[in-house]
Structures are given as C-alpha cells and as structure tokens.
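Number of protein chains: 2
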Amino acid sequence: MCVFEVVRKDVGGRFGKFVVNGKVVRTPALLPVINPNRLIVSPQELEKDFGAEVLITNAYIIWRNKDLRERAEAEGIHKFLDFGGVVFTDSGAYQAMRGKELEVSNREIVLFQEKINPDVGIFLDAPTGDVGYVEAERTVFDTIERAKECKELTGDSKIFWACPVQGGVYPDLVSYCAEEVGGLGFDVYCVGSLVTRLEAYEFGVVCEQLLSARFSLPFNRPLHGFGIGLPSFFSLSVAIGCDFFDSAAYALYAQKGRYMSVHGTYYLAELDEFPCSCPLCVDTTPEEVRRFDKDERERFLARHNLYVSFEELRLVRQAIREGWLWELVQERARSHPRLLEAFNVFKLYPELERFDPVTKKSAFFYSGQESFLRTEVSSFRHRFYENYRPEKGRSLVVLPYSESKPFSKFYNVWNTKDIHFAVMTPFVCVPLELENVYPVSQNVFVRNDVLIYKEMEEQFGVFLDRFGSYYYDIKVLYDVSSVRGFVKSLRLENKGKKAGGSAWDYLLDLKGLLNFQFGYPAGDIFGENVFVRLSKRTGKIKEIYDEENLLGVLRMDGLFIPSVYCAELLKNVLDYPKRRVVVGDDEVISFIRAGRSVFVKFVENCDPKIRPKEEVLIVDKSDRLVGVGTSFLSAEELLSFDRGVGVKTRSTIREEKKSY
Amino acid sequence: MCVFEVVRKDVGGRFGKFVVNGKVVRTPALLPVINPNRLIVSPQELEKDFGAEVLITNAYIIWRNKDLRERAEAEGIHKFLDFGGVVFTDSGAYQAMRGKELEVSNREIVLFQEKINPDVGIFLDAPTGDVGYVEAERTVFDTIERAKECKELTGDSKIFWACPVQGGVYPDLVSYCAEEVGGLGFDVYCVGSLVTRLEAYEFGVVCEQLLSARFSLPFNRPLHGFGIGLPSFFSLSVAIGCDFFDSAAYALYAQKGRYMSVHGTYYLAELDEFPCSCPLCVDTTPEEVRRFDKDERERFLARHNLYVSFEELRLVRQAIREGWLWELVQERARSHPRLLEAFNVFKLYPELERFDPVTKKSAFFYSGQESFLRTEVSSFRHRFYENYRPEKGRSLVVLPYSESKPFSKFYNVWNTKDIHFAVMTPFVCVPLELENVYPVSQNVFVRNDVLIYKEMEEQFGVFLDRFGSYYYDIKVLYDVSSVRGFVKSLRLENKGKKAGGSAWDYLLDLKGLLNFQFGYPAGDIFGENVFVRLSKRTGKIKEIYDEENLLGVLRMDGLFIPSVYCAELLKNVLDYPKRRVVVGDDEVISFIRAGRSVFVKFVENCDPKIRPKEEVLIVDKSDRLVGVGTSFLSAEELLSFDRGVGVKTRSTIREEKKSY
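For the record, the sequence lines run as chains G and A.
One point on numbering: in my numbering, the residue at position 646 of the first sequence is 1380, and numbering is uninterrupted.
One point on numbering: in my numbering, the residue at position 60 of the second sequence is 794, and numbering is uninterrupted.
Some clues are possibly wrong.
[Said to hold, decoys possible] Examples of chain G residues toward chain A, derived with CB under 7 Å: (1) Glu883; (2) Glu1065; (3) Tyr1100.
[Said to hold, decoys possible] Straight-line distance between alpha carbons at most 30 Å, and here's what the computed DSSO-like set of lysine-lysine pairs gives: (4) A:Lys1081 - G:Lys990; (5) G:Lys1081 - A:Lys990; (6) A:Lys1188 - G:Lys1188; (7) A:Lys1081 - A:Lys1312; (8) A:Lys751 - A:Lys1335; (9) A:Lys1139 - G:Lys1188; (10) A:Lys1095 - G:Lys782; (11) G:Lys1270 - A:Lys1355; (12) G:Lys1095 - A:Lys1270; (13) A:Lys990 - G:Lys1139; (14) A:Lys1151 - A:Lys1222; (15) A:Lys782 - G:Lys1028; (16) A:Lys1095 - G:Lys1028; (17) G:Lys1081 - A:Lys1081; (18) G:Lys990 - A:Lys1095; (19) A:Lys990 - G:Lys1095; (20) A:Lys1270 - G:Lys990; (21) G:Lys782 - A:Lys1028; (22) G:Lys813 - G:Lys751; (23) G:Lys990 - A:Lys1139; (24) A:Lys990 - G:Lys1094; (25) G:Lys1209 - G:Lys1143.
Note that these hints are calculated values from the structure, not bench results.
Ideal placement from N, C-alpha and C gives every residue a C-beta, glycine not left out.
Can you make the complete structure from the sequences, with help from the hints?
Structure follows, in structure tokens:
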C-alpha cells in the first residue's frame, strides 16, 4: 500500500503523510542522499539522531559494483543499508546529466531495482540538463517513452515507482512532460534537471520549473524536487507544492569545508563562532574543529548541515500548520537576492490562491508592500468580488481603517435599514457585516505606512467601480472624530443591538454574509423574520433562527455554518454544483449520515470554486442533501485525491450531529 | 581595570571586548538575569552550557533578605553565586518601576554593592516608566542627582559603576539625561524604562529611546539596554549601538509555558514539533515535554530559551564581523509588523552612516527598496558628492548598468583624455575609475526589478545636477549593443591598456579616485608623469609611481593606499585636519615610526569626516607627517575611545614598513 494524504494546507504547501509498506513519512520530507560507497553519516544515525523517516540511495552505483550488487540482491536494500525507514532508489540519471556514459539501460536498472526491493524506485529518465530547446524536447520525449517502458515492466511490481519530469528551463516542455506522464499513474512525481540551476543560484528559474511541474501534475501525488538541498530554499519549494526533496548537499558541502545556515553558507575557515545551537556546535568552537583531522571535520560539518536542514524542515511544517508559510518564505527571501528573484516569480503566480485555506490559525502579519500579493489577500478579494452583493438603495458610509477591532466596537456603529457601513482596509473596502471574516480582523499592520493607505484607496476605487451603483448616496469619513460626530448626529450608537434578540436589522447583514460566503443569491434564503442569539461575552452573533428552526451558527472567523435545514434552502437557490460536494456511493452516504467524515476518494464531483476550510453542502448523485461540513481541500484536490478526509461532516439529515 | 575595546564595526554595531578585573566579555553580550531567590538555571550552567561570560543579579533582592544579605556580604557576590565570570548587580529600580515601595535608599544600596563586590554595580536611579512629560522630567532630574551621589560615594571604589539613562518615551528627555550623565565618567551606560514598551511590542518606541540615548552618550562606553530579551530584537538593538542587554525573559517566558524562537514565541501547547536543533529539542518532542512535571517543563523551556538567545547573539556577532548586520535586521523585521515599525524608524536615522565602515567583507545583498536606505549606500553617496570632482571639459558617456563586473571589462572600455565614462548604478552614477570601490562592484541585485531602475535614474539626475556643467557634452547609452557599437565606432577598445606601463591615460582616473577618497583637491598631487604597474592576473592597477617614487598601491576594494612620499604631497594640498589623525605624545610617535599601531588613546585630533576602514595620514601635533595607516574607527570614536587600536599603521617615515 502506498498512501499520500494531506492533513493541513498553507499557500501551495501541504502537511501530510506518505505511507508506504506500513511505514509513515511526515511530509514535507527531506531525503538525505546516501552514497553506498561512502557513508559519511550512516543510515542508522540519520534515523536515530535526525529523525529521518526516508532516504534515497543510488541503485546505479550499487549495480556497477559487483560486490555491492550481489549483496544488495541477496539482502534487499533495507538490510543492505541497515535502515528501517522508507528507501527510495535513483537510477543513474544524475550521473548521466553530469556527462557520464552509463553502462546500464532503463530496462536493466528497473529490473535491478525490482530485485533489491526499495519502497520507491525511480526509472532511468533522460535528464534535460542545460541544453537548447530542440535537444530538451528530445529528452522530454525520451523520458515519456521510458516512463511507459517502466510501467510495462512493472505491471505486477511489489515496489512503487516515481516518475521524473524533464524539460529543463523551458516551462512549456516541463508542463507538456508533466501532463503526459501525469496520466500514467505513478505513485510519486519528481522534477528533474534542477541541480545545475540550483548550483548557479538561479532560484528564479528553479521556481518556474517547479511551478510548471506542480500545476501540470496530478495533485494527489507527492512532488519530489531533485537536488533541493539548500535549507533557505525549502520554504519556497514547499509553498509551491513540493512534498519531498532529496539532496547530497549536506555531504558535498561538508567535503568542501562548507557550513550551512539559513542565512547563507560559510566556509569553516571564516567562522569565529558557530551561529547555531545544534548539539555539535554548542560543544566546540570553529577553531577546535579546524584542528580536527580531515575525516572528522567532514563528518562534523555533514552532521551540522543535517541538523540545520532538518530544523528548517520542522520549521516549514510548523509554518504550514499555523498558516504563516508565506511569511517564512518572505523572510528567507531576504537571505540572498537570488532567492528574492525566486520569490518575485512565486508571488505573482495566479494559481496558488485557489489552494490556500480561507482561514488561518495565525494572524496575517504585514511585512511590506509584497504582503498585498499574498494568497490570503488575493483569495479574499476573488471571493469578495465574485460572490458579494450589497442590498440596493441604502446610503454607503465609508469609515477609515482602525487598528483596533472589531471596527463596529471601535466606532460603536452598526448597519441600519438605511445606512450601510464599510471600512477602508488594504484587503478590500469591507462591508461592516464581514468585519470578522479572516483576514479582515486577524491581522497586524505597520502603522504610518503610506503604502498601506495607498492600497486602501486603490481598493476603495475597485469597490466603487463594482458596487457604487447599488447605493443611492456615498459618504466618506476620513477620521475617527468625524465618525464619532456622524454617529452621534444620527443617534446610530450600537447600544440597542447589544441587547440582542430578534430584529430585522440583522437581515441585510446576514444576506451580505451569505452572499459573500456562498455566492449571490444565497442571501435570498432569509425571510423577513430572522432571530439571532448574541454571545454574552463578545456581543457577536452566535446563532441564527427563523420562526421555528436553527438556520446556522457563526464560526470564530465570522463565517456561517448552515444547519441542514438552512443547507436545504441554500441548495434550492444555488444551481448545481455550487457549494456542493457530491458523494456517489450509497453505502458511503449512510456512513456520512451517521456522522462520519467524507473520505476524499468518494467525492464524485464538486463546485470548482471550493477552497480549503469552506463550509460545503454534501449531496448525493441526485443532488439530494446529505449534510453539511467543512472542506479540508480545494476543489482540484477533492477531485483528485484518493486518500484522507475531504470534508469533515458537521451535521447530517438523518441525525443532527453537531460538531460546532 | 575596566576596558572597553571595539575590534570590528558594522552599521552602529560594535564587536569588541569588555575587560573587567581581568575577565573578558565578548560584546555584544547577553546578561542573563539571575534571581537569587529562584535559580531555574544556575550560574554554573550558564557558564558551562551557554558560554555566558557575564550575568546580572539584583542587589536589592539580596539586601532585603537578611540571610542572603549576610552571606553575600561575607562571601562576596562571586562566591555567593558560584560564578567565575563578570557579575553586574542591579539595585531595585526595576521593582520601583513595577510600583513596589522600596525600603532602601540610593546611598544604602550603593554602599551595599561596594560590600558584596560585583564587577559592575548600578546605582538606584529613578525609572521613568510610563508617565507624563512633567513626571518624566522629574525622574530625569532625580536620576542625574543620584548619579552624582553615586559618583561621590564611590570615589575610591574597587568596583565599576554603570549609570542608567531615563526619560522614557520622550526623546528630548532621554538625550538630555544622556548628555548630563555622559559627562560624569561612568564605566557603562544603560537605557532604562524600556520594559513596558517591550512588553507591549512597541519596538518602534524602544528604537527611538535607544537611538536618543546612544547618540547623546560617550561612544567609548558600552551601552546596556535594560530588559531587551527577545532574540528577534537583538540585531536591531545592536545595529543601533547596544553592547549589552540583560533579560529575565528566558525565565519569565518559561514560567508561562512559552517557547522562544526568532520567528516569534509559541506556547508549548501549540507545538507539534520543535523547530529548533538545540541539544534539548533534538532529543524529545513537545508531547513528551508537555508530560514533564511543572518544574522540569519550566527548566526545559528556560534552557531552550537560553540556547535560542545565545545562538542569535553569536549570529549577530558573526554578522558584524562579516558586514551584513543590516541584512540580518531586515530579515528579523519580517518576523513581526511591530519589528518592521522599529526598522522603519531605524532605517531613516541619519547619524548611523558615519559610523559604518567604508568597506565590508561581504557583498551588498539587495533585498527590496529599503536596501537603498542602508548605511553603506548613504555613506557612499555622502562621500561621493562631498569629495568627488571630475576633470572639466570632457564628454560624458553614460553606460547602462551591468550585473557583470568590472564594468570596464564587460563593456571593454576605459576613460580617455576626451571621454569620461560613467555607469548607471543604484548607488550613484559611477565614474568608471571608481568601479571597484565598495559597494559599486561588491553587490548582488535582483534582476528585472523596476525599482532598481527607478533608483538609477534618480541618481543619474542627482549626478547631472551636481556635475553636469563639468562636461562639454553628455551622451547616454541605453543598452549593451549601443555601447558595443559606440566603442567600436570610436575604436575605444581597452586593448592597449591591458599591456600596462606608463600612460597619461591613467592620470585623470587617478585624480578622480583621489578626489573621491581624500576630497578635492587631493587629485592635484599628480604631475603629468604617472606610471602604473598592472596586475598580471586581473589587469587592474596595482602600483602607481611618478618618475622616481612609489606613490601608492590599490586595495582590493579599489581604494588608494598612499606611500609616505605620496602622503606628504597629500598633506600639502589638504588643509589641516583633513584626512589626518593627530598623535600628540612624542614618545608614542617614535613607536609608531617603528611600525606600531596608533592606540586610540593617543589620538589628539582628527578629521571629523573619517569613517572606519579609511586610509589616513598620521601626523604629529605640529602637523608633521609620521606615516599612513587605516583607521579602525570613525572620527567620533577616534576622539572618544581610550582603549584599543585606532589606526593600523601601514608605513612610516622612518622605516618604510609595508603591510600591504
């Protein structure tokens, strides 16, 4: 069994697990390269000291040496390496790219790998390296041929196979190759020919290669970046969607006396103190290590480099789980101008935002103008301008931005039947009823930054272009005291509201929220009589009812969780497949009705606009409502993944199980 | 003996040593706070496991407790703590700021500290805390009074005394206090009343407090920032000029279950993996630590927090030594918007550039528009526009920027008698003869960044405003091929030059370089006959002669090192004290003549424009030339420091010792 499952998402990054032959690898994962001829750090040490769950070694090097070959064939690769974790084997393509004449064919090395029995084998592709377009095209055709050959040879294989994608620096070739091999059903996909560009610090080019591959390959398979070994490039690779990287950099750098850090690489010779707290570095000084003998020094550096690499990997995983991966990428982009170039490519890539969750555990931290290009911002703007629709015929009163939130509390106002408030923010000009939605409220900006005000004004312009005609007049208030004066003059103070209870006042607000969240005309489900229960602690809306039924509750991040009663109403006003996740199998549906999660492999269809962490309607093939739940994945992922939870069920028609 | 000596500089940051009672503390240094009532991490552990060379404890807490007091008085503080390193004692002002009624007077606590014999005592100042202006002013007056009282009480003290500077959030009060106490001759100065602002994450305000204090205090004394314990704020504090910080944060955070990192602080409860490689974190998991008993957990966190803090400190010191402190500050400013606010204050502070060395070990790494505000840039621009003067009457040909350097090699051109080339760069529009001067050649920019081109154009505008009238015509070439065509059409190829030898061609270039470096009319020292010897390897100028004598050689960074023969000529054209460092003592001069360095305490006067790493003329009181050398410090520092090397002597009149 080979399983890849995603548990948490952030930007394009995925925190998950890869399970093969019963062994679990947390992803993103780093695969240290083991040279079977020269073990600087042994596989056992990798497992014990660094927590390595997976490594990669080279089947070609083993095959070429009669002794090694016979031993590997006899023992199998795990015993050969004395490693209990997951083993990948590569097949000599790297050596070929480095200009070596290979003595082995794809067929031979594939069959050899079958014999030595790694968990994941890699066939002998045709690396593009640094060649012209015509030559590059040939390598792509060859790689596709060999992929097919591998598939034919390994029809009843006990091992799993990874397929490299070639095309080098030509994005169209990379995409073409990815699309062709993507259909062949490999278990893992890899991006090849990155090494020479990585060595030249051409991270911008590497970034384009990874993006082209990632968005042309099936999303349900892990993506492996060959040769990505520089810790400062991990976060960006992961944010694009890399799940694995392998690298011999830790050992190769060590050979050259190079000491890795996320701020750059030093020569041991230039260090006076170790800027690191790994168990090796806190115990000695650079001067002492310079006096070590050559092998001891190399081992010291290799082990230090591994500590740094695994530390960065854990940090990246932490960032995904907490939702600040973009911020880590921004920070790392400051360690070298070439990484900043890569970041400049990455930040403008339009596809990423659709994969980013609509809400995050961490607040949005502003760190300069480029923050406005974050997936969190573009995703929010897209949803807002696609879905939102204000009620016609009110006056619009635009309030200045405030650091203090919620805005309604700071200004002590709320929307009325006649007046619709909106607040200038750098995200969009936000209607007051959306003030709690992520990231409107969950953020920290820099004060007195003129760029932020410029962005707010620009966004206000966009708002007016889109919605200006909905309002019969528009008034902009530029400072706190004029807001206070305005509120006082109209006796708009929010006091009455705090008492809660039923009120038509909430009607338009809830309409606005539902339109934003589910798309117009979702808000039309509300009749005239809507009752709300407010939270005693926060004064915010907690539950919404009509005359008889619970319509829904509000999430911490201001989004609406419909009851199944409400979901039925929503389904009626929203055309198929809007907001739906369609489950085909009737047996499965009965499990879901009992409250079980929707496993992604049973998702037959869904709204192509679904993003992770959105509330969705679970329906059967005939579009009958089964229940409601929170999607863990984006639409593309719901449709492509075959393992893990797709939708966490909140409540279902059969039994009103509530998990809020 | 109490000695503070600066060895390396970067921005406002100083790497050096503080020597007291024969014990050496590398600075910048972190002083962990030891609570004598509650040792979570013992002084011995601090020394052994974390390499702490200095710590701080609270004399007031000891004084208040009869047992502790008697023991400390009997044993002395070092034995009391069982700590061999440097000990600072504080005196209860922190407790007073926290609103506690103190039972001790300044006089009592000063005399008590004399008895327990720390290396450095701190008298009981009047902390400003968060009060209004009038009240703040009173604390400043009180602090100054108590400083004087301390001085009176400790006239023949065996211990050294630190003096806090108060004034809170009012920069004018901080400056006033600093100027007043700065004249009293304390051994260390401290900035107080930072803690509440630090706790509120008001790093912008703290930054202003530190800047106000630093630039109003004597530069020859270490500056101590009270309560700076957040590792992500270390680099900025150091870049302003802090040499010490003390903090109990490691322990206080641990008490609250908080885990420090340079990316922010986590609660232990929210961590799934430790994003750290310290010996504690690589050996366990957050889940395991959560199962520790309370004390064990607190100790784990306190020790981890110390590892992180000392790691950051070592990194900061490494950054100073290599000259990329500004880049580290930029990176850390990305970890929280409030740190970015502080960075926004810091980056605009005009005084810093005069303290920044004119050359760095590391290349200048561009990381966004704010890089143009770096001290390296403003320092270069200042020197350029103050000093440089092109030869009149030539044509100016402006070439586009090139990533490939040197420009002259990339374009294969050189200045002629009639044509003066200059290259568009984001620093200034650079005359070709300055192409190797730091940072013109030693940098990496991001390609295709429109902001960089905007900056170049702006700088070209400034160049034209300043020097346009010197040229009889001006031609701008916008791309590589037009440069190549132009060069070809005029047969300007640089071939002849490479052969080297004598040539009037170099004359104007050398004039330009000397004017830039030493200020107009330094270039006038050259007669018509100048001969150069080129480096065989690089083709660059190596040595410069007139008919008989060596005039000088060129540094790696393109600056000119005058021979003493040349220095004499320079002295004749440059008015006193331009480019001079004046040494008063005749006995000392005879040592310098013998090749010894100029110790800073013997510097009587100097050119107020000297920056670290510049070539200077060493003269005696009567302005007779003694030799030439490289300044290690800026003018202000040369005049104020009393320890360490001020100028490294290169060659002297008596014996032509060469160290190049």
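Evaluation of the provided hints:
no. : hint                  : in the structure
1   : Glu883                : violated, 40 Å
2   : Glu1065               : holds, 4 Å
3   : Tyr1100               : holds, 5 Å
4   : A:Lys1081 - G:Lys990  : violated, 37 Å
5   : G:Lys1081 - A:Lys990  : violated, 37 Å
6   : A:Lys1188 - G:Lys1188 : holds, 19 Å
7   : A:Lys1081 - A:Lys1312 : holds, 29 Å
8   : A:Lys751 - A:Lys1335  : holds, 16 Å
9   : A:Lys1139 - G:Lys1188 : violated, 38 Å
10  : A:Lys1095 - G:Lys782  : violated, 39 Å
11  : G:Lys1270 - A:Lys1355 : violated, 81 Å
12  : G:Lys1095 - A:Lys1270 : violated, 61 Å
13  : A:Lys990 - G:Lys1139  : holds, 26 Å
14  : A:Lys1151 - A:Lys1222 : holds, 17 Å
15  : A:Lys782 - G:Lys1028  : holds, 28 Å
16  : A:Lys1095 - G:Lys1028 : holds, 27 Å
17  : G:Lys1081 - A:Lys1081 : holds, 25 Å
18  : G:Lys990 - A:Lys1095  : holds, 21 Å
19  : A:Lys990 - G:Lys1095  : holds, 21 Å
20  : A:Lys1270 - G:Lys990  : holds, 28 Å
21  : G:Lys782 - A:Lys1028  : holds, 28 Å
22  : G:Lys813 - G:Lys751   : holds, 24 Å
23  : G:Lys990 - A:Lys1139  : holds, 26 Å
24  : A:Lys990 - G:Lys1094  : holds, 24 Å
25  : G:Lys1209 - G:Lys1143 : holds, 20 Å
The structure does not agree with the numbered hints 1, 4, 5, 9, 10, 11, 12 stated previously, though it agrees with the rest.
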